[in-house]
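Q: The primary structure of each chain is shown beneath.
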Amino acid sequence: MWGEVAVTALKLLVVAVGMLTAVPVMVWVERRGAAFIQDRIGPNRVGPLGLFQPIIDAVKLFFKEDVTPAAVNRGLYFLAPMIAIGVALVTWIVIPFGAGHDVTLFGVPLDGVMVAPDLNVGVLYLLALSSLGVYGIVLAGWSSNNKYSLLGGLRSSAQLISYELSMTVAVLGVLMATGSLHLGDVVSYQQQHVWNAVPQFVGFVVFITAAFAETNRLPFDLAEAETELVAGYHVEYSSMKFAAFFMSEYINMVTASALIVTLFFGGWSLPGVNLTGWPGLLVSVAVFVAKVSFFLWLFVWVRWSLPRFRYDQLMTLGWKGLLPLATLNLIWVAVAMTMGWL
Amino acid sequence: MELIVFYATAAIALVSALVAVSHRNPIVNVLALVVTFFCVAVCYALLGASFLAAAQILVYAGAILVLFLFVVMLLNAPEEQAAGEPRPVQGVAGFALTAVAAIGGVLLLAAVPSAEPASPPDGHVVALGRLLVGPYLFAFELISVLLLAALVGALVLVKRKH
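Chains as they are written, first to last, in the numbering used here: chain L, 1 to 342; chain U, 343 to 504.
None of the hints are false.
Stretch by stretch, here's where chain U covers chain L in the computed footprint (C-beta under 8 Å, at least three residues): (1) 127-140; (2) 157-163.
Chain U side only, calculated, beta carbon under 7 Å to chain L, not exhaustive: (3) S392; (4) V408; (5) F412; (6) M415; (7) V467.
Worth flagging that the hints you see were computed from the coordinates, not collected in a lab. Glycine included, C-beta positions come from ideal geometry on N, C-alpha and C.
Input sequences plus hints: build the corresponding full structure.
A: Printed below as a string of structure tokens:
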């Protein structure tokens, strides 16, 4: 009993610390990466290679004046950043970070090192919670009582509804092949067969495109489009309330990368590597982190390489491009499974 | 422990359902409905129906109510105004209806024997899927046709105004 509680608490601690550490690191990577892509130097004054810059930024945000405009809807204005960061923080409990079928801590098996190993609807839980994140953005946009904010919030909700459908259909292909909603099973299926990105490449392309839209990243960051909407839904937010939105965006990015890796790139597994016990666990966690890091870099890479879509282009791509492609992928998986190819 | 969680979520669900129908601000109505659906999902999870709980949040709270919120915000629906001074008969009628509903609920609870939740079979998503495309296929398809009819009906109603 107490062993289980201790292990769960420890896992939660690792997950929370991991996510909150990923944010400043990603901010640094983003700024240095942007500078690299644009042939600049980027922040290099604070600490070696400018590594301490995010810490200074955080201190600045903490001590900034927290302005609440007079005409906002107070309750919802305060609630919106809480929803955004809260939803972002609770999604990670169903993601398996490593092997560990044969490792125990305080007599409790560390199966998959996920916080909630018994939840057998892992994928659905993750999709359900990430779809709630839009409430933070929409409410921020509406409660700020500012037309730019409202436009950002409206765009965000329309975008989410359009892309969530394609995303879910793309995930369906993976779930059909696996025959389980548990993310641990998805990983072990890929370990025994082949990474899902190979037979379901179309599904992978649809999923990653929808993931960019769901995380509000360029080329789909229509919700905050600086050049037309000032800063979109968070125009009226300052200090730590703004930081909450900022952090939730980066945490969502890490979650999306982890989901891409788990669903399509074999999760923590690496072909040819079959270590057991603690070394196996540590290696698998390292493999997982490496894969996630690659996709995080991809997010940065794409952001500073592609221009923003126009709003109607975004909708056309979502409904006329991605949805048919995702459906095709689903049909292909069904046919392949019936013929016994998968 | 489960009982405490159940009573807490049930209480929140009831209060938020009341807010959903009584608050003047349409945005608050929609949000209260989100909270209600969330609490219902928690109740499903307490009964061991984790798939139903996740589907409830994914479909209702995550998609349909986002659409509601989108429409309410797009049309910028104003706060509801009272139609006039409430008449005494309204209060009496409301009280009587509430009493009837309460007595009916109590009678219903007394009539139905308390049942333990059926323990879901292992991999109950598979079991649910088999039921939906097996014995209940006709009802399942019928519901989708009904939704389609409602959709077409809404379109026809909108078209007529122009």
